[in-house]
Amino acid sequence: MESSIKLKIAVDHNKCVGSTICVLLSPKVFALNQAGQSIVLDVTADSLKAILNAADNCPQSAIRVWEAETGKPLFPPEEEA
Amino acid sequence: MTTISDDLMAHEVILDPHSYYHELRETDPVHWNERWGGWVLTKYDDVVQVLRDSVHFSSDRMAFLDKELSTEQRDSYAPIFKVLSKWIVFRDPPMHTKLRLLLNPHFTPRAIERYRPMVRGIVKRMLDKLEGKGQMELLNDFAYQVPMSVLLELIGAPLVDREKVKEWSEQLGAFFFIRADEPRRREIACEGINSLVEYLRPIVAQRREHPGVDLISLLLGAEETGDITEDDVIATCVLLVFGGHETTMNLIANGTLALINHPDQWELLKQNPGIIENAVEEMLRFDGSVKATVRWVTEDVTVGGKLIKKGDRVLVGLSAANRDPGKFNHPDVLDLNRDPNPHVAFAHGIHVCLGASLARMELQEVFTGLTQRLPCPVLATDKLEYHATVVNRALESLPISWKVG
Numbered sequence: 000m001e002s003s004i005k006l007k008i009a010v011d012h013n014k015c016v017g018s019t020i021c022v023l024l025s026p027k028v029f030a031l032n033q034a035g036q037s038i039v040l041d042v043t044a045d046s047l048k049a050i051l052n053a054a055d056n057c058p059q060s061a062i063r064v065w066e067a068e069t070g071k072p073l074f075p076p077e078e079e080a
Numbered sequence: 000m001t002t003i004s005d006d007l008m009a010h011e012v013i014l015d016p017h018s019y020y021h022e023l024r025e026t027d028p029v030h031w032n033e034r035w036g037g038w039v040l041t042k043y044d045d046v047v048q049v050l051r052d053s054v055h056f057s058s059d060r061m062a063f064l065d066k067e068l069s070t071e072q073r074d075s076y077a078p079i080f081k082v083l084s085k086w087i088v089f090r091d092p093p094m095h096t097k098l099r100l101l102l103n104p105h106f107t108p109r110a111i112e113r114y115r116p117m118v119r120g121i122v123k124r125m126l127d128k129l130e131g132k133g134q135m136e137l138l139n140d141f142a143y144q145v146p147m148s149v150l151l152e153l154i155g156a157p158l159v160d161r162e163k164v165k166e167w168s169e170q171l172g173a174f175f176f177i178r179a180d181e182p183r184r185r186e187i188a189c190e191g192i193n194s195l196v197e198y199l200r201p202i203v204a205q206r207r208e209h210p211g212v213d214l215i216s217l218l219l220g221a222e223e224t225g226d227i228t229e230d231d232v233i234a235t236c237v238l239l240v241f242g243g244h245e246t247t248m249n250l251i252a253n254g255t256l257a258l259i260n261h262p263d264q265w266e267l268l269k270q271n272p273g274i275i276e277n278a279v280e281e282m283l284r285f286d287g288s289v290k291a292t293v294r295w296v297t298e299d300v301t302v303g304g305k306l307i308k309k310g311d312r313v314l315v316g317l318s319a320a321n322r323d324p325g326k327f328n329h330p331d332v333l334d335l336n337r338d339p340n341p342h343v344a345f346a347h348g349i350h351v352c353l354g355a356s357l358a359r360m361e362l363q364e365v366f367t368g369l370t371q372r373l374p375c376p377v378l379a380t381d382k383l384e385y386h387a388t389v390v391n392r393a394l395e396s397l398p399i400s401w402k403v404g
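Line by line, the protein sequences give chains A and B.
At position 80 of the first sequence the residue is numbered 79 (numbering that gives the first Met the number 0), and the sequence of numbers has no breaks.
At position 221 of the second sequence the residue is numbered 220 (numbering that gives the first Met the number 0), and the sequence of numbers has no breaks.
Chain A extracted, bound-state conformation (with noise of 0.2 Å):
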């Protein structure tokens, strides 16, 4: 099921260690690339739900999800940003 809200989403390579836990998770979103990181394939395709689930999972807080047309930081929540 896609996500209705236009997202973007970023994963930031000093932080990710390829845990691999969102690739797991959410894989039509994530994917690993040479290196062995985490990277966004397809911001749409997968539910909201389901993306921030992998934001949670990831253990070096490596992901953040933004709402595109805001900017409204959806992960990490407002209040921790």
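The reader is advised that the hints may include incorrect statements.
Cβ pair distances, simulated, as ranges [stated by the list, open to error]:
#, chain 1, residue 1, chain 2, residue 2, range
1, A, GLU66, B, ASP160, 43 to 51 Å
2, A, ASN52, B, MET94, 16 to 24 Å
3, A, ASN52, B, SER18, 42 to 50 Å
4, B, GLY225, A, ASP41, 51 to 59 Å
5, B, GLY131, A, GLY70, 49 to 57 Å
6, B, GLY36, A, ASN52, 39 to 47 Å
Derived DSS-like pairs: lysine-lysine, alpha-carbon spacing no greater than 30 Å straight-line [said to hold, decoys possible]:
#, chain 1, residue 1, chain 2, residue 2
7, B, LYS402, B, LYS128
8, B, LYS97, B, LYS269
9, B, LYS132, A, LYS14
10, B, LYS97, B, LYS66
11, B, LYS309, B, LYS81
12, B, LYS132, B, LYS81
13, B, LYS269, A, LYS14
14, B, LYS97, A, LYS27
15, A, LYS7, A, LYS71
16, B, LYS97, A, LYS48
17, A, LYS48, A, LYS7
18, A, LYS71, A, LYS5
19, B, LYS382, B, LYS402
20, B, LYS81, A, LYS14
21, B, LYS97, A, LYS14
22, B, LYS81, B, LYS66
23, B, LYS132, B, LYS326
24, B, LYS97, B, LYS81
Covered stretches of chain A (in silico footprint by chain B; criterion: 3 or more residues with CB under 8 Å from a CB of chain B, positions within the stretch not fixed) [stated by the list, open to error]:
#, segment
25, 4 to 16
26, 19 to 26
27, 46 to 58
If you are wondering where the hints come from, they were derived from the structure by calculation, not from laboratory data.
C-beta: ideal position from N, C-alpha, C; glycine also.
Keeping the supplied structure of chain A fixed, place chain B upon it in accordance with the hints.
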């Protein structure tokens, strides 16, 4: 070319591994160590390549160990194998994946925040007790208390048991950290494992009767659906107890020593407590408590231009990678403001330390507490000794003193 020594247990290598790794990295970064019987990697890029490739580099230590043993040895190791073979750290996908996804939500950076108030309280109470004394042996008087209390809380065990759990954990440690030729190593480790298993069984049984939202209940839920076995549950609890406390305790000691040797950085942190996150990352990089990890090669593969063959084993130099000048500017300088700091103290790849966020939080609380409450201490000894192990960076003791009042 002068030949570098292959004795990883030599006193000078144990005392100062960082100088040894520098020399090795400069002369032979993918080095066949004849004595250890495997390849030693000391460059950041090679270390990261291996850690992120679980296809060519297996963590199934027990399978490889099993092949090297005689039938008689296999029998006497059986009780240890029964538990250790189920440890997530020694498993490959797909079983590793299943366990990791099950446990991970309990250890995310946000999830572990629930333990922070408890840790802050322990640190405060301990410093209340110790501050006025002007001296302590950091490991026994302070460092081991914090992680031990946290993981007893994690498994829902009573705090009063911590001395016993520590003792059994040390016995189990004998399997990894004592020389392979020490005859009692196996018995000591078996005693430790058996004690930990028997200790955990009633706790697990109790949780089966009265499930909660704790970690053991989580594991039991997966046992119920048939995803994992009871042996997996018990083995995982043993791992959490064992893996969760020595390493954190040693980081507390190593980090304190690093600060003592860089008093300007103690002052910096004291005056700027807001930098604690970067500061802890730098302590992890500078002198992490796990010097190296091991992998076993499943298929021929090239690393750093050398062919590494199926069946070979590889010593992955985490501390060596963390001081690689090719990756870190002025790697031998402790810079608490270093940012970014992509160290490998917790490894990388699918086996990246499950407890990393929990450890980070404990270290943040410990070092905030220490630097806020005490002036920079000095060493109360002129001789420091480290446990002789290839894997751990573990001081035998750390006596320190400071000015009171």
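Tell me the numbers of any earlier hints that the structure contravenes, in ascending order. Violated hints (numbers, rising): 4, 8, 9, 12, 20, 23; every other hint is consistent with the structure.
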